[in-house]
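*Asks:* Taken in order, these protein sequences are the chains called A and B. The numbering of the first sequence is this note's numbering, which starts it at 1 and goes up by one. The numbering of the second sequence is this note's numbering, which starts it at 1 and goes up by one.
A couple of the hints might just be wrong.
To be verified - Lysine to aspartate or glutamate pairs mimicking EDC-like chemistry, simulated, CA-CA at most 16 Å apart:
1) K402(A) - E115(B)
2) K26(B) - D159(B)
3) K402(A) - D377(A)
4) K402(A) - D38(B)
5) K402(B) - D377(A)
6) K402(B) - D367(B)
7) K402(B) - E380(B)
8) K26(A) - D42(A)
9) K402(A) - E374(A)
10) K26(B) - D398(A)
11) K26(A) - E179(A)
12) K402(B) - D377(B)
13) K26(B) - D98(B)
14) K402(B) - E374(B)
15) K26(A) - D398(B)
16) K402(B) - D481(A)
17) K402(A) - E369(A)
18) K402(A) - D367(A)
Hint data in this document are derived by calculation from the structure and do not stem from the laboratory.
Number of protein chains: 2
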Amino acid sequence: MTMHDTSDDNVDQIIDRAASASEQWKRAIIAERTRALDAVADALDQHADELIPIAQRETHLAEARLRGELRRTSFQLRMFAEMLPEGLWLDARIDHADADWPMGAPRPDLRRQLEPIGATLVFAASNFPFAFSVAGGDTVSALAAGNAVVLKAHHGHPDLSAATAAVVVDALAEVGAPEGLFQTIYGTEAGVRALRAPGIKAAAFTGSVRGGRALFDIAASRPEPIPFYGELGSTNPAFVTRRAAERDAAGIARDFVASVTGSAGQLCTKPGVLFVPAESSLVAELEAQQLPAATPLLNGGIESGFRESVASTSGVAGVRTLGAGADDAADAPAAVLFAASSQTLRAEMDTLMSEMFGPAALVVTYDDESELLEIADRLEGQLTATIIGEDDDEIAVDLLPKLSERAGRVLWNQWPTGVSVTWAQQHGGPYPATTAVGTTSVGMAAITRFLRPVAYQNVPQGLLPDALKEGNPLGIARRVDGILVLP
Amino acid sequence: MTMHDTSDDNVDQIIDRAASASEQWKRAIIAERTRALDAVADALDQHADELIPIAQRETHLAEARLRGELRRTSFQLRMFAEMLPEGLWLDARIDHADADWPMGAPRPDLRRQLEPIGATLVFAASNFPFAFSVAGGDTVSALAAGNAVVLKAHHGHPDLSAATAAVVVDALAEVGAPEGLFQTIYGTEAGVRALRAPGIKAAAFTGSVRGGRALFDIAASRPEPIPFYGELGSTNPAFVTRRAAERDAAGIARDFVASVTGSAGQLCTKPGVLFVPAESSLVAELEAQQLPAATPLLNGGIESGFRESVASTSGVAGVRTLGAGADDAADAPAAVLFAASSQTLRAEMDTLMSEMFGPAALVVTYDDESELLEIADRLEGQLTATIIGEDDDEIAVDLLPKLSERAGRVLWNQWPTGVSVTWAQQHGGPYPATTAVGTTSVGMAAITRFLRPVAYQNVPQGLLPDALKEGNPLGIARRVDGILVLP
Numbered sequence: 001m002t003m004h005d006t007s008d009d010n011v012d013q014i015i016d017r018a019a020s021a022s023e024q025w026k027r028a029i030i031a032e033r034t035r036a037l038d039a040v041a042d043a044l045d046q047h048a049d050e051l052i053p054i055a056q057r058e059t060h061l062a063e064a065r066l067r068g069e070l071r072r073t074s075f076q077l078r079m080f081a082e083m084l085p086e087g088l089w090l091d092a093r094i095d096h097a098d099a100d101w102p103m104g105a106p107r108p109d110l111r112r113q114l115e116p117i118g119a120t121l122v123f124a125a126s127n128f129p130f131a132f133s134v135a136g137g138d139t140v141s142a143l144a145a146g147n148a149v150v151l152k153a154h155h156g157h158p159d160l161s162a163a164t165a166a167v168v169v170d171a172l173a174e175v176g177a178p179e180g181l182f183q184t185i186y187g188t189e190a191g192v193r194a195l196r197a198p199g200i201k202a203a204a205f206t207g208s209v210r211g212g213r214a215l216f217d218i219a220a221s222r223p224e225p226i227p228f229y230g231e232l233g234s235t236n237p238a239f240v241t242r243r244a245a246e247r248d249a250a251g252i253a254r255d256f257v258a259s260v261t262g263s264a265g266q267l268c269t270k271p272g273v274l275f276v277p278a279e280s281s282l283v284a285e286l287e288a289q290q291l292p293a294a295t296p297l298l299n300g301g302i303e304s305g306f307r308e309s310v311a312s313t314s315g316v317a318g319v320r321t322l323g324a325g326a327d328d329a330a331d332a333p334a335a336v337l338f339a340a341s342s343q344t345l346r347a348e349m350d351t352l353m354s355e356m357f358g359p360a361a362l363v364v365t366y367d368d369e370s371e372l373l374e375i376a377d378r379l380e381g382q383l384t385a386t387i388i389g390e391d392d393d394e395i396a397v398d399l400l401p402k403l404s405e406r407a408g409r410v411l412w413n414q415w416p417t418g419v420s421v422t423w424a425q426q427h428g429g430p431y432p433a434t435t436a437v438g439t440t441s442v443g444m445a446a447i448t449r450f451l452r453p454v455a456y457q458n459v460p461q462g463l464l465p466d467a468l469k470e471g472n473p474l475g476i477a478r479r480v481d482g483i484l485v486l487p
Numbered sequence: 001m002t003m004h005d006t007s008d009d010n011v012d013q014i015i016d017r018a019a020s021a022s023e024q025w026k027r028a029i030i031a032e033r034t035r036a037l038d039a040v041a042d043a044l045d046q047h048a049d050e051l052i053p054i055a056q057r058e059t060h061l062a063e064a065r066l067r068g069e070l071r072r073t074s075f076q077l078r079m080f081a082e083m084l085p086e087g088l089w090l091d092a093r094i095d096h097a098d099a100d101w102p103m104g105a106p107r108p109d110l111r112r113q114l115e116p117i118g119a120t121l122v123f124a125a126s127n128f129p130f131a132f133s134v135a136g137g138d139t140v141s142a143l144a145a146g147n148a149v150v151l152k153a154h155h156g157h158p159d160l161s162a163a164t165a166a167v168v169v170d171a172l173a174e175v176g177a178p179e180g181l182f183q184t185i186y187g188t189e190a191g192v193r194a195l196r197a198p199g200i201k202a203a204a205f206t207g208s209v210r211g212g213r214a215l216f217d218i219a220a221s222r223p224e225p226i227p228f229y230g231e232l233g234s235t236n237p238a239f240v241t242r243r244a245a246e247r248d249a250a251g252i253a254r255d256f257v258a259s260v261t262g263s264a265g266q267l268c269t270k271p272g273v274l275f276v277p278a279e280s281s282l283v284a285e286l287e288a289q290q291l292p293a294a295t296p297l298l299n300g301g302i303e304s305g306f307r308e309s310v311a312s313t314s315g316v317a318g319v320r321t322l323g324a325g326a327d328d329a330a331d332a333p334a335a336v337l338f339a340a341s342s343q344t345l346r347a348e349m350d351t352l353m354s355e356m357f358g359p360a361a362l363v364v365t366y367d368d369e370s371e372l373l374e375i376a377d378r379l380e381g382q383l384t385a386t387i388i389g390e391d392d393d394e395i396a397v398d399l400l401p402k403l404s405e406r407a408g409r410v411l412w413n414q415w416p417t418g419v420s421v422t423w424a425q426q427h428g429g430p431y432p433a434t435t436a437v438g439t440t441s442v443g444m445a446a447i448t449r450f451l452r453p454v455a456y457q458n459v460p461q462g463l464l465p466d467a468l469k470e471g472n473p474l475g476i477a478r479r480v481d482g483i484l485v486l487p
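Given only the sequences and the hints, what does the whole structure look like? Please build it.
*Replies:* Okay, here's the thing in structure tokens:
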């Protein structure tokens, strides 16, 4: 592993460069931003054969999974690049002066758009070494919004971080982006110092509840508090209705286990608790599933955390082991399914609804579907909640709205892993799923996190930002005197 | 003054009722919400003659000002009501399933909209007893978004709060809104208890930096942190260019003093510091202004705070009194204008750029326009920043973008007081102007604060919210497969 300069002086210089790069990047025309994002995407694709082996060595993830993840990462960069010229994300609004404004006083000429928030600190995640790391979703949405990025590399894949960062920096330099637009820092101390720096105006994070909350608290307690967009933890409950279990117990059992054990269960949207009717063959089908052989987890910290959470679940009276994978070893924990009754769950909800980050899940048997409503009422905030049901299941009419109050994404007859990058995607929910309930870290709406509104009153045309000029030189959709006007 | 039950039990019951009302209100169709907002607006107008005298007695504000403010308040309710059916605020997005999604994995059917955040706690302000109080901007935007509101009344106008609340509650009951949709609590302790209650999902505040920061810290340190939309403090600097001062020194002096002393200077957007060229007649024109006679401030706390901040400014070596109003009295401080050189300001920036909430301002003389850029670089976050200039003033090309980085609203040749309620208004800026830099508390975008995104994946048509159904039953603009589609 390469050594990195983590001295305070170096961190401070990095922040200074980022602040100044942010000021330049803010003024870059949209075409420069799209060119930069496309250049990074192309460079990542071109360096795939160099990056993938480093990622395999450092994360123990399979090659196919990593290649897919890298493809997703460059796709995401290109999708943001494609979105930028369309400009709806600027939320441009123009109110012309109106002497007869019914408020009782004349309306001045007011024009408002979203502008870059300023230099942004991104904490990389361990479990997606490409898509939620150096050039991942937080980085691309902050850059697309017009901000410089300081990336705190994850200690789980330092060499990959350095190699990816070099690709990003070179690609940005080749298209003439400002120096310091993208920089990396290493180590917890450097990350905390950067988070406290006045030059940093927003931060994003994907990781554990404990780590994320500690950083959120630092961001909130700064003399100038800044937005901290943390994606922390989620159990992602899935509810199988009685009739769905009758229809396709075998299929449900197979697909659930695949969703739980993919990427060795190290996904933030892994369905961690499955509610199934006690009186159905689904329990037996789940018991009969062959769990995959043990594979090493991302790193030692993840592994010990996983073992702790599994021990905590299995230590609850009334919890039994429904099935376990072969080859449990010192450095590769076996996948495991637990089972408990809904009575047990309700008595030990805090423990049993805690995330087990790794290849484990809990199957909860219920007697009556109405129990699901009571349980839904007690859920903490979730990234996702899933119903496996029949279209005319009566329980869904009440259960689905309850779940929408507690989760950012509600699924029907699909499994929550495999988060698609789209216009309508939502990856974020009430705390502890995220620290900022109104935001998403995946999908095109993620850009909004790194923007802030500015209104211009009575400002001459020549001094207005292009998006707000009378002639609409950017050719974007705008709300003019309250009416949405397409270009 | 009426006595109010501020017992813990009563506060807890109020929160419980609010949470349950919020759940009902969330499901109310748009037409019910618009009817409720319109009903409150009508009721306020009808009760004007009853409410205005109470407001005069409790706030010492003039009748004309209060009548204008009440008109603004009912106008604001109607404007939100009018916006609701248009539905662009729902940010509805529909991505149809796509087997060939270039990300590398099929895209599922994903549909996303903004939904109500949950029961909201609103802390009323003292200086706008109608527009930022019981039925003010925070209340209406939270209600419009589909949430119940618990209003913590301001101690400065308790009788007006109770009278206005009775009007609101009656109007809501008449149109059949859920019981508990709008409730009031009284006293600091009750406010803090409510802010800590798990049933409260967001809070809004307008007031001082000290009080607002203390509440922000409580909101952020909850087990489940919630968004706290605080509008705290702002000095609202205004910069007069050399050529503008030459053109119309008398007009600038007159309009500045009017903006500073209107409502006895008790406006969050009062221009507290005016930068003027030392070598111009503007200083003499300002000195020649007749300042209005002393009037009592809103309440004793405001008055003692004002006297402290004035003493702190006048205590800085190099600060002189440029002019003062007549009739300084124990219960009615005189208006005052101070003057200092830009050197003095730069040496004592923290003290001299602090808000003096009341009828006072500081005039800062500069020698060279380039100094303005240096000063702009050092500004804290502001609600507004103003340039009084000529359209072809070279300095504006650099100064205006710098100000846009530090203020939420940038004005040209107009004064910042008199915040219009419009589509494009922005009332909020970097800290300490607001605690949530990406938001506004005035204008139609204020609704976004009380919404959170929810995505539905593969959900049957019959279970989807109306805004996301294929047939577009609400008839709203939506982003479908990435393209904005008008109804």
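*Asks:* All the hints need checking, so say for each whether the structure fits it.
*Replies:* Hint check results:
Simply put, K402(A) and E115(B) have alpha-carbon atoms about 12 Å apart, close enough for the 16 Å limit, and the pair holds. For the hint linking K26(B) to D159(B), the alpha-carbon distance of about 31 Å lies beyond 16 Å, and the restraint is violated. Only pairs whose Cα atoms come within 16 Å are accepted, and K402(A) paired with D377(A) is accepted, the gap being roughly 7 Å. A hinted pair counts as satisfied when its Cα atoms are at most 16 Å apart, and K402(A) with D38(B) does not qualify at roughly 29 Å.
Among the hinted pairs, K402(B) with D377(A) is inconsistent with the structure: their alpha-carbon atoms are about 48 Å apart, more than 16 Å. Between the alpha carbons of K402(B) and D367(B) the distance comes to roughly 20 Å, so the proposed pair goes past 16 Å and is violated. With a C-alpha separation of about 12 Å, the suggested pairing of K402(B) with E380(B) holds against the 16 Å cut-off. Only pairs whose Cα atoms come within 16 Å are accepted, and K26(A) paired with D42(A) is rejected, the gap being roughly 23 Å.
Between K402(A) and E374(A), the direct Cα distance comes to roughly 10 Å. Compliance with the 16 Å bound is thereby established for this hinted pair. As the CA atoms of K26(B) and D398(A) are separated by approximately 14 Å, the hinted pair is consistent with the 16 Å bound. Of the pairs offered as hints, the one joining K26(A) and E179(A) holds, with about 13 Å between alpha carbons and a cut-off of 16 Å not exceeded. Proposed proximity of K402(B) and D377(B) is supported: the alpha carbons are some 7 Å apart, at most 16 Å.
Of the supplied pair hints, the one linking K26(B) and D98(B) is violated, its CA atoms being roughly 31 Å apart against a limit of 16 Å. For the hint linking K402(B) to E374(B), the alpha-carbon distance of about 10 Å falls within 16 Å, and the restraint holds. This hinted pair checks out: K26(A) and D398(B) have alpha carbons roughly 14 Å apart, not beyond 16 Å. A distance of roughly 27 Å separates the Cα atoms of K402(B) and D481(A); the hinted pair therefore is violated under the 16 Å criterion.
About 14 Å separates the Cα atoms of K402(A) and E369(A), which keeps this hinted pair within 16 Å; it holds. Restraint check: the Cα-Cα separation between K402(A) and D367(A) comes to about 20 Å, which exceeds 16 Å; the hinted pair is violated.
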